[in-house]
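Q: Protein chains in written order, with my numbering: chain L, 1 to 111; chain V, 1 to 114.
A portion of the hints provided could be inaccurate.
So the derived list for chain V, only partly shown, Cβ under 8 Å to chain L, looks like this [to be verified]:
no., residue
1, Gly40
2, Gly42
3, Ser107
Keep in mind that the hints were calculated from the coordinates and are not lab data. Computed from a prediction, not measured in an experiment: that's the story for all the values here. Note that CB positions come from ideal geometry on N, CA and C, so glycine has one too.
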Amino acid sequence: QQKVQQSPESLIVPEGGMASLNCTSSDRNVDYFWWYRQHSGKSPKMLMSIFSNGEKEEGRFTVHLNKASLHTSLHIRDSQPSDSALYLCAASNTGYQNFYFGKGTSLTVIP
Amino acid sequence: EAAVTQSPRNKVTVTGGNVTLSCRQTNSHNYMYWYRQDTGHGLRLIHYSYGAGNLQIGDVPDGYKATRTTQEDFFLLLELASPSQTSLYFCASSDGAGSAETLYFGSGTRLTVL
Chain L
1 QQKVQQSPES LIVPEGGMAS LNCTSSDRNV DYFWWYRQHS GKSPKMLMSI
51 FSNGEKEEGR FTVHLNKASL HTSLHIRDSQ PSDSALYLCA ASNTGYQNFY
101 FGKGTSLTVI P
Chain V
1 EAAVTQSPRN KVTVTGGNVT LSCRQTNSHN YMYWYRQDTG HGLRLIHYSY
51 GAGNLQIGDV PDGYKATRTT QEDFFLLLEL ASPSQTSLYF CASSDGAGSA
101 ETLYFGSGTR LTVL
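Construct the complete structure from the given sequences, taking the supplied hints into account.
A: So this is what it looks like as structure tokens:
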């Protein structure tokens, strides 16, 4: 059973547009969430993390977390073609060094 | 940034073959992981370790063995490779000082089992 679900599977946005990606965990014990970005042919790299309720912004990227619903979302404003990648959501439990990954959202930014 | 090196980058073997994938991290991280990545399944954890000599079973361990020989080195062994093990394999490490840790990934090994 997939403990982390991501939506949509794929997303196409125009250059300069807003991309919104969603992630939910079905495991009530999950405490921490990460967003990883994987460009084609490359390895995943951590993009943002969020551990507390609320919002966190880093440049064009904003992540939200609602711990009650175990839902996190990633928003990319002013999307660029270089943002085209697979975005992976990961979650882990307190004190348990295992990370659960979703299947990812494939983002394509069209010039 | 943390350095994780995997070898080989590509490997082709036949059904029933014996394969060893290698991973080395040079950041004194406690935790090391082996994942496989397949279209439609995302990243799935095979095995992980929190130190030399330690091994923990992941979510998809069948057909795989692993060994952590030193703090730096973690190996994944396929003793009787099958076509279902054709995949992209990633090694990763993390410091493990609490649960809020970032994973650092190697460049991956693409394995094809004919």
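Q: Which hints, by number, does the structure contradict?
A: Nothing - there is no hint that the structure violates, so all of them hold.
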